[in-house]
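Colleague: Each chain, letter by letter, is given below.
8 protein chains.
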Amino acid sequence: MSDTFVWDEEREARLGFDEAVFCGGKTPAQVELILERAIDADRGLLLTRLDAGRHEALRSDLRERLDYDAVSATALLGAPRAVRSTGGVAIVTAGTSDLVTAGEAARTLRYYGIEAGLFADVGVAAIWRLSARLGEIRGHAVCIVVAGMDAALPSVVGGLFRGPVIAVPTSVGYGVAAGGRTALHSMLSSCAPGITVCNIDNGYGAACAALRILGVQR
Amino acid sequence: MSDTFVWDEEREARLGFDEAVFCGGKTPAQVELILERAIDADRGLLLTRLDAGRHEALRSDLRERLDYDAVSATALLGAPRAVRSTGGVAIVTAGTSDLVTAGEAARTLRYYGIEAGLFADVGVAAIWRLSARLGEIRGHAVCIVVAGMDAALPSVVGGLFRGPVIAVPTSVGYGVAAGGRTALHSMLSSCAPGITVCNIDNGYGAACAALRILGVQR
Amino acid sequence: MSDTFVWDEEREARLGFDEAVFCGGKTPAQVELILERAIDADRGLLLTRLDAGRHEALRSDLRERLDYDAVSATALLGAPRAVRSTGGVAIVTAGTSDLVTAGEAARTLRYYGIEAGLFADVGVAAIWRLSARLGEIRGHAVCIVVAGMDAALPSVVGGLFRGPVIAVPTSVGYGVAAGGRTALHSMLSSCAPGITVCNIDNGYGAACAALRILGVQR
Amino acid sequence: MSDTFVWDEEREARLGFDEAVFCGGKTPAQVELILERAIDADRGLLLTRLDAGRHEALRSDLRERLDYDAVSATALLGAPRAVRSTGGVAIVTAGTSDLVTAGEAARTLRYYGIEAGLFADVGVAAIWRLSARLGEIRGHAVCIVVAGMDAALPSVVGGLFRGPVIAVPTSVGYGVAAGGRTALHSMLSSCAPGITVCNIDNGYGAACAALRILGVQR
Amino acid sequence: MSDTFVWDEEREARLGFDEAVFCGGKTPAQVELILERAIDADRGLLLTRLDAGRHEALRSDLRERLDYDAVSATALLGAPRAVRSTGGVAIVTAGTSDLVTAGEAARTLRYYGIEAGLFADVGVAAIWRLSARLGEIRGHAVCIVVAGMDAALPSVVGGLFRGPVIAVPTSVGYGVAAGGRTALHSMLSSCAPGITVCNIDNGYGAACAALRILGVQR
Amino acid sequence: MSDTFVWDEEREARLGFDEAVFCGGKTPAQVELILERAIDADRGLLLTRLDAGRHEALRSDLRERLDYDAVSATALLGAPRAVRSTGGVAIVTAGTSDLVTAGEAARTLRYYGIEAGLFADVGVAAIWRLSARLGEIRGHAVCIVVAGMDAALPSVVGGLFRGPVIAVPTSVGYGVAAGGRTALHSMLSSCAPGITVCNIDNGYGAACAALRILGVQR
Amino acid sequence: MSDTFVWDEEREARLGFDEAVFCGGKTPAQVELILERAIDADRGLLLTRLDAGRHEALRSDLRERLDYDAVSATALLGAPRAVRSTGGVAIVTAGTSDLVTAGEAARTLRYYGIEAGLFADVGVAAIWRLSARLGEIRGHAVCIVVAGMDAALPSVVGGLFRGPVIAVPTSVGYGVAAGGRTALHSMLSSCAPGITVCNIDNGYGAACAALRILGVQR
Amino acid sequence: MSDTFVWDEEREARLGFDEAVFCGGKTPAQVELILERAIDADRGLLLTRLDAGRHEALRSDLRERLDYDAVSATALLGAPRAVRSTGGVAIVTAGTSDLVTAGEAARTLRYYGIEAGLFADVGVAAIWRLSARLGEIRGHAVCIVVAGMDAALPSVVGGLFRGPVIAVPTSVGYGVAAGGRTALHSMLSSCAPGITVCNIDNGYGAACAALRILGVQR
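Protein chains in written order, with the working numbering: chain A, 1 to 218; chain R, 1 to 218; chain B, 1 to 218; chain F, 1 to 218; chain V, 1 to 218; chain Y, 1 to 218; chain E, 1 to 218; chain G, 1 to 218.
I should point out that these hints are in silico values taken from the structure, not numbers from a laboratory. Remember, predicted model here, so these are calculated numbers, not experimental data. For every residue, glycine included, the Cβ atom is placed at its ideal position computed from N, Cα and C. Be aware that one or more of the hints could be misleading.
Unchecked claim - Which residues of chain E face chain Y? A few of them, derived with a C-beta cut under 10 Å, are:
(1) 8
(2) 26
(3) 28
(4) 84
(5) 201
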């Protein structure tokens, strides 16, 4: 392990993305090693999929240096960047359980200095809620739509919002919705023109796509 | 074959549904045989999935006795029943290619004396179209929603219409939408409470479900 | 979280359904918060998928106010509504393990004042059991059929019962039956005309569909 | 090709099954070559999946020597064996379109001298039809059940028939039933104990299984 | 629960199979209730999928009355039947992990008085092991073949054994073999004529099929 | 049909996208009707999935007014817009058969006045071809990557190109690659951060996404 | 098209493989263009998936220059290389319909100067045929095993042959075997250690893998 | 159990592979029994999928005799063989989580006396890392490529490395990548000619394939 995690300076220069640490499947010891290296190098760091159990298991001196958010299972190491003024990103979610993935997107954007607007629980089974907040949503340059189950929301948003729409399916649900394939396929099949889609639960990827569009990685 | 198609009088008495003839996979000769028997017995008959090619291939004297509709691929034999007054059924579709299945439902209902209201091309990527016709739709007792692709429409309708909502996925689409599984799963996963679903392209089944609800099979 | 759960008065007015709380995936703390709000607002509440572990973990003062049923994993808060006279709903199940989902349907109906008739363990591998109770089942206006594995029961019931038949597949089973896809597909493919289907294990949805048909949400 | 089709005398001796020719995917020329060899060797031959088009395309002198059945797409070469008295095989089908596969089974059995009893169109959506013929069916030693769509029939038969039940799913159907996976999975998940299953549309295999049970291959 | 488990005397009379108890998914309390009833009725009982954990959790006085086998996760209540002389059943397995399912089949047969011959670990990657025991296997009337992974064994056995061959796929394996679908499909696709197949891990069903063939249920 | 195709002026105003006509599944008569209406209204029109057969079948006076491209199966009606200067879109493809979808994207962009740069046949099995053209590709604001089979190209491009990357899977291929699911899943799983994905073969959608990003719909 | 097909001299130098032309999905005109270029450049060429229809449609002067093989759907342009002495490749097939893919492998090897040994129709349902030819097969350095349906053959061969075994699934079959997924998964799950697998029907790839192992691309 | 695990001397002689013990699904007691037998027989032994929990649970006297590696979950019993000089095997991985499977391959090779070269974390989203180490990789006779997610790496390596390339998909990933099917399909669909593939996570199999190629099993 110790030989394989290095800051890829070349990649950071080319793409403008810092290395992020996907903690899913990593042991606490592996996460601790990475944190120590980042601290030694005096670098900030974004950690995703750091669930509460793994977070609790980290050495306390390391854990205390993290800005941890349990809902999104993300942690930030180091002082946050200053918030930039960019016209911004709206994150729209269908249900409360989509907040995990929406939070991962929001925290990733915050790491790069973007404060996203969050519009939660405006799923299409209660379409009047979305209508009520449409003006606000339209005030942003990019819209990330997070939805599970039937994922009908991106189609409605995509018919009302003119800018780029990035859809993120979530694995929330039961029966045929379990695991997120239904939401994913629904988004890919959307009748609204020009919606693009990320992998299931990939809030981090949606945020990176928004950063590429805004051109503000660094 | 000649031994296996008989009017199941008992079934008709129990359920109130006449025998319907699913022509998909049947040869013209097989369809002709059934038509002859129905004419001999002086019975009306509903034929579904009778595509234009099969219809053209029927013996002309039989073909001329049919009320054929190419869009829905259905044919009616015999004088139509009088239209009943029931409070009615609304059929709502997302796109023009859903008219095949919507038509199968409408013709089945008409066979039983119900004139359905058709609300076509009100998919959610243009939500204002649906809003404009919502009052009319609400004037019906039962709503059949036909949609392919992402099938977001039933969720929106199910959040606005108080009565029974029967959703029918269609096989229209390409990529992950091809074949109708995405639409089916999307409908089953709908966040709107109490929507029920039929098999892909099953307009006939949706009409029968509406007839069961209205209690007007015969 | 605190900002996203609100009583959607508009939805309740439109559809006649109260907000129900799907507890699957919610933490005890999230459930407690919702219960407190409902108590403050002096509202009744239906909770589904509240498994025994989560129920046990609730704060005891809140837990004591709940009418909890372990088999169906549902809880009711507040005094139950008076039972209405409606002609009624029959719930028919194939096997004992289908009682979880059947119970969710029954409890949802009870929340809205409907006392359903339960006909358990009448699967088709013992068809004489069903025959013995058919007269009773026919005395109801709507029939919900709950079945896992091969889900042959709805086809048989759908050929004997004239009114609306709502089929609910369950995830019970092993091998190709595990997860409920086989039961779902079997129901969607039923030869009995006019059967409609809900998502796997969705007893709540089946009950809502019955309420829409009976028109007795509120 | 000419080097690879030979009578496997050893196999015939071991299992008692003659070589059968699966014509699906073979060109008329390939079938003709095999027929010529069989005629040269003065052997009888069973051909399956010989659809009408391929049959028509065969050289007329060869075609005339075949006992061809269009419904089951099978042909027999040579004089048929005398019918044996064995207690017999019942073939039960759910719908008329299952007759293709049922016919393949019946013709295979006939090739080996067994005249099967055919009980067609007794699907469970009309359960009284099956009841009416149950006594007759029970008079056989082995029961082959052929069904597509939801394939509910084998479960009912398996609960009423005491001897071996061999279930054959058919690819008949549309939507989720298309291709026969739903019928296959439904049969494998049957609640009736001791039902066994063949591949989709495999009437030939079901007949061979019955022959193994009866011990009458040769 | 208490109302739904009853001895179905009619079924037992028709099919000759006693009620068996599938313990997968049942709580210890549910199993205990059934055991008590069987003891009260002075009946023997076969329990399947009673894993070690559930077995340990049973009330000790009940547990002590069971003849439990941990490998096959089965338990027998009551004195075993006398072994009958029938010509017998051979159970052939590909690997050691198939012994769970093979054991379930063997114990079910034993419950009905049949002592099966077990031929373990004769998978085709070591074909000489099978050859060495072929003579013995051929001494039985029926052959049950249990295999996971690529399930090549039934094809080889089916080409060497003349009597009925019942194939049971197991869920053993990883990657594309995990869960048993590969083994199931492989068995259904076997080139050896007349092999029939049971659901994944369904040793009980295979035994019942053998009992139907031998006609020795009771 | 005649009632269901109308210019949705409101949608055009909101999103800036003209109505486009997806000809897959439409009859020549239906396409002719739409063309006549567009000509009457003096509007330009983009038609996609108009394959050579359907194009040939159009009435000659209508066909002659179309700018048709057989490779991409697209047609433009009306004078093209002037080309705008926008920084541009690069379209990168893995193989020659991806040119169908790439062409659909390029023609859609051209309809809106964007002349895309095409970089064909630079798949990763010949990585030096991509390297040779990387400088040119980087000169564009947005990159659309079209690939079938294993779709490894977007991951490589996504690691070298800083701006937005829109990946389009194609249905080209055989075996596990047939239909495009492998390419789709591969793109969704890409390790390069911030790549977003369209439905299989959806070149039109990718172009619309690029237009949303550039903000140049109209 | 004309800009995108070029001889990739660098690739040829690196890997030692000539460009091969996959004709599946290419029009005759596209194939003719490539042939003309090869003739102009005085190069040999291997064409795969050139079915009889496409071959017939080629311009006669070009067609006459091809060494065409209808069974394998391959064509060679130019004088064949001299046969090299390498220890060789054995190609083993389970059934006659596997000869298409086996032929593609054999012709690819021949293009590079390797004359493979073909061992056809030695499927495991007749294991004695394989045994009879095992000595010959073992005389080769590499073994390619081609099989469809249950693909049991590679496991048996892999347990008897010491050298590299390359397994190629074929799409031959019906029911669950149709398309080749069952054969593919069966091969990947083989219990014989160290078997590797190619895509379905990929005889060309298997030959290339053998060439890599023998180190004789050029 | 005790009767079914034996050293298959014949297999070892034929193939040159020692029996290896797949511990996934085995209890510690079963593993201990095998270890005792190997010690009694004075044999070395390779154990795979022996996760940390199972390893910890082994009897301490047995555990102490093992050379255990937690990352690859493998254990070696007995003195290692001397390292042979063979030209060697390169193992290339895309990400750090692929080290589990890469390690299983490396340890298997080491068991047979081959010291593989490990090239970790050279995934294609950072293509320059691979370029930097290409010279070294090319110094080996065989290349094993281990990758999860989109598995783009084997296509790139297969276009740059002339010798045999064995690709191993890993189950690492989330969303559509979870379980390894995407990686598997991507590898099978690779455009680089002559790549062959093993089952998901099957590092052991890849090593055995390399040993077959090198001819150094024993």
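Colleague: Holds or violated: the hint that residue 8 (chain E) contacts chain Y, with Cβ atoms closer than 10 Å.
Modeller: holds (5 Å)
Colleague: Hint validation: residue 26 (chain E) versus chain Y, beta carbon distance must be below 10 Å. Holds or violated?
Modeller: holds (8 Å)
Colleague: Min Cβ distance, residue 201 (chain E) to chain Y: is it shorter than 10 Å?
Modeller: Because about 6 Å separates residue 201 (chain E) from the closest Cβ in chain Y, which is inside the 10 Å limit, the hint holds.
Colleague: Hint validation: residue 84 (chain E) versus chain Y, beta carbon distance must be below 10 Å. Holds or violated?
Modeller: Since chain Y brings no Cβ nearer than about 26 Å to residue 84 (chain E), farther than 10 Å, the hint is violated.
Colleague: Please verify that hint: residue 28 (chain E), Cβ, nearest Cβ of chain Y, below 10 Å or not.
Modeller: violated (14 Å)
Checked against the numbered hints given earlier, this structure breaks hints 3, 4; the rest are met.
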